[in-house]
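Trainee: Given chain A, put chain B in place with the hints provided.
In order, the protein sequences belong to chains A and B. Sequential numbering of the first sequence, starting at 1, is according to the numbering used here. Sequential numbering of the second sequence, starting at 1, is according to the numbering used here.
The reader is advised that the hints may include incorrect statements.
Any copy, or any two copies together, can satisfy a pair, since identical chains are not distinguished.
[Claimed, not checked] Cut-off 20 Å, straight-line C-alpha distance, at most; resulting in silico cross-link-like pairs (DMTMM-like, lysine to aspartate or glutamate):
#	residue 1	residue 2
1	Lys114	Asp43
2	Lys326	Asp348
3	Lys287	Asp216
4	Lys114	Asp216
5	Lys275	Glu77
6	Lys409	Glu367
7	Lys217	Asp331
8	Lys197	Glu271
9	Lys197	Asp216
10	Lys409	Asp116
11	Lys326	Asp220
Hints are computed from structural coordinates only; laboratory data are not their basis.
Number of protein chains: 2
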Amino acid sequence: MADEPTSRRAFLRQTAAAGAGLVATAAALRAEGADPLIAQVQDYASAFGAPVDATPYGLPIRHEAHVVRRNVEWLTESPVSSINFTPIHALEGTITPQGCAFERHHSGAIELNKQDYRLMINGLVDRPLVFTFADLMRFPRRVLTSFCECAANGGMEWNGAQLEGAQFTHGMIHNMEYTGIPLRVLLEEAGVQPAGKWIYVEGHDASSNGRSIPLDKAMDDVLVAFFANGEALRMEHGYPVRLVVPGWEGNMWVKWVRRIGIYANAVESREETSKYTDLMPDGRARKWTWTMDAKSVVTSPSPQAPIQHGPGPMVITGLAWSGNGKIARVDVSTDGGVTWTPARLSGDVKPKALTRFHLDYIWDGSEMLLQARATDETGYVQPTKAALRAIRGVNSVYHNNGIQTWWVKVDGEVENVEIA
Amino acid sequence: MADEPTSRRAFLRQTAAAGAGLVATAAALRAEGADPLIAQVQDYASAFGAPVDATPYGLPIRHEAHVVRRNVEWLTESPVSSINFTPIHALEGTITPQGCAFERHHSGAIELNKQDYRLMINGLVDRPLVFTFADLMRFPRRVLTSFCECAANGGMEWNGAQLEGAQFTHGMIHNMEYTGIPLRVLLEEAGVQPAGKWIYVEGHDASSNGRSIPLDKAMDDVLVAFFANGEALRMEHGYPVRLVVPGWEGNMWVKWVRRIGIYANAVESREETSKYTDLMPDGRARKWTWTMDAKSVVTSPSPQAPIQHGPGPMVITGLAWSGNGKIARVDVSTDGGVTWTPARLSGDVKPKALTRFHLDYIWDGSEMLLQARATDETGYVQPTKAALRAIRGVNSVYHNNGIQTWWVKVDGEVENVEIA
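Isolated chain A (complex conformation) (with noise of 0.2 Å):
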């Protein structure tokens, strides 16, 4: 499980034997002359490029803009209240830049100005506070690193293999480093008094989105935020304030944050009672299941990134996660789950953020059901589709952790299926 790519030696001595075109052999050089290898290269750029003022803020580059967050039209009624995804298929590392994370509104993105931005502290606190975001800015601040995954990611999977592309199985996720203060440290100014078991934090969204939290974890890691990946949040992202919620689901992390009242009862809102509680097969619903459970994706290759060589030397990557603290582990499997093999993770792995893994392997250009399975510092093991369907049936939309399969074809195009 360490860093260093272990496969490294048997991955040179299959290059040697399968990598061809990779190796051109010293001896055939010598008989072409001095530097043949200069013909296959371009020349260097003739001409000056891009001056040092041409893009004060730069985007991507042309060549890329098929990596890009996107919506699947039918999905929802209406783009204001709906859902686009993560392109983690043409991503590595573990940073999700903000401009491609996904997005999840319920009354559209709104436009705040940091001039006007209030934050309210109110309900069962010794002060009530209000909050200018210049106030806001003289607290303690801390920097955690956090993924942030939509209750309803791989929801459509339920039933069955459905959207082609991690992108759309697994993109409504992102993971950022966030800068902001301990909600901890405005609820001791505000005072919270002896009855306060709960928040109830509100967005200024039309929707407002509002969420109970229990008071145990609102003390415990969650942050009102204001940067992300170093800078402001985007507008889409709750500029200027949002909450972080690290491990719990999406809807939790309350954009554009308006107001966090404290209550003795959970407030049971439209957003945690008809909305983000879990349908079983008897027809009753599990509630209060805000914790995002381990859960791991092959981003490549899978259906938007096919394989495009033949057999031989290729790096199988993706990520994994979860609520509960670090990732332990992740195995890969080329057989639909009947054999495994460990996979490296590679950078650092911070609880409750994503961690990527690699696995070096040497395709022999046979199909593959791909699979990568999870396992988090608590011991917990990423179950299959089958054995949460046997328990939680197909009626949710929601916490859908079930290990996805990917069938590689031999022409190296990759299909999302479902195996018995």
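Mentor: Here is chain B on its own, set in the frame of chain A:
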């Protein structure tokens, strides 16, 4: 040095005493009626906001239009062989978004595409090789976060305080999470011959910007990188492939990398003789000064981020980094280096990466001579500018890691100053 706001209780006490406007007493509220705070907060939005198909790739909100990289026209003769600066005074956390990360080009930022891209490895190797981009994607990858600092960062300040703002005095730096191939893997693929002791790396741009790197470093932690902060490198950061040379001066992080040659000796190119060497008082020059020594700067308050409130609680924050490993501690002085207070290191502390520090401070409203001083895990302590000049004089524009002083005035305005 823990990550928790250790001075929080003191902060809260002082807030109650000094933070006028922050606190409304419950008694006053009860006198006014049921929920008078509501009147202080904007209504919920009365209309839908932007739909999820509005911005497939988003940009910062227009209110943050000042948070951009900026160049200084008089600094160089031409904007195609020039520099711009990261707006570090307005950023938080540790990640630098690609869109506002500083650029340094020697002949402008060139546009390549993946289809035509080639990387050549030749010289003292058993198997000269040319890789396509698709070839590279088949090799084992690693993820690491590293700062990239121009050797000339702070160079204008050798002769005294000259540039008004942390963006301009210290903004030739960025910090990203990279994914790429350990260069060691590619060099072993080519088979470095025993006589090979140096690599020489060239870019595809017209300047080629060739730099020599000792083989030991090349085999250690150098990456051939294609992703930064999760997505493809931007054009101006070397799309599709750049070198990442953790802890070493930015000029060696060759962009649009075209060729890596292996040689017995350093090439002694323009970029490592007449440039990127450090002219000493006696007219001779230090060379091979690759490592960026430990350094820090207060990013807020700073000339572009003045204090905009009266006395009372405030956050002093900044960045620290070392090319020799992790930051061990950062101390902050408000009296020009007479007395020092340890700051909190916030978030993860990674080797050869930017580290964020915070000091929760109660400002009494008087003038401050604000400084930060970094100590790295080797025990190296960031020197004063006077100590640096005593040895190196003022002829060089490179490797100025002296302690920066901001004069904070009673009105909150901040000026770049030198102290005797």
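Trainee: Treating 20 Å as the Cα threshold, decide for Lys197 and Asp216: within, between, both or neither.
Mentor: Close inside one copy (8 Å), not across copies (58 Å); limit 20 Å.
Trainee: Cα distance capped at 20 Å. Does Lys217 pair with Asp331 within a copy, between copies, both, or neither?
Mentor: This pair counts as neither: shortest intra-copy Cα distance 31 Å, inter-copy 33 Å.
Trainee: Is the C-alpha distance from Lys197 to Glu271 at most 20 Å within one copy, between copies, in both cases, or in neither?
Mentor: For Lys197 and Glu271, only the intra-copy Cα distance (19 Å) is at most 20 Å; the inter-copy one is 64 Å.
Trainee: Taking 20 Å as the upper bound on the Cα-Cα distance, should Lys287 and Asp216 be classified as within, between, both, or neither?
Mentor: within (17 Å within a copy, 57 Å between copies)
Trainee: How would you classify Lys275 and Glu77 at a CA-CA limit of 20 Å: within, between, both, or neither?
Mentor: Within one copy, since 16 Å is at most 20 Å while 61 Å is not.
Trainee: Within, between, both or neither: how does the pair Lys114, Asp43 come out at a Cα-Cα threshold of 20 Å?
Mentor: between (50 Å within a copy, 15 Å between copies)
Trainee: With identical chains, the pair Lys409 and Glu367 could be close in the same copy or across copies; at 20 Å between alpha carbons, which is it: within, between, both, or neither?
Mentor: Within one copy only: 5 Å inside a chain, 70 Å across chains, cut-off 20 Å.
Trainee: First find the shortest C-alpha distance between Lys326 and Asp348 inside one copy, then the shortest across copies, and answer within, between, both or neither for a cut-off of 20 Å.
Mentor: both (10 Å within a copy, 14 Å between copies)
Trainee: At most 20 Å between alpha carbons: which applies to Lys114 and Asp216, within, between, both or neither?
Mentor: Answer is neither: 29 Å inside a copy and 50 Å across each miss the 20 Å cutoff.
Trainee: Measure nothing new, just compare the shortest in-copy and cross-copy C-alpha distances for Lys326 and Asp220 to 20 Å and report within, between, both or neither.
Mentor: Within one copy only: 17 Å inside a chain, 28 Å across chains, cut-off 20 Å.
Trainee: Cα distance capped at 20 Å. Does Lys409 pair with Asp116 within a copy, between copies, both, or neither?
Mentor: neither (56 Å within a copy, 27 Å between copies)
The earlier numbered hints that this structure contradicts are 4, 7, 10.
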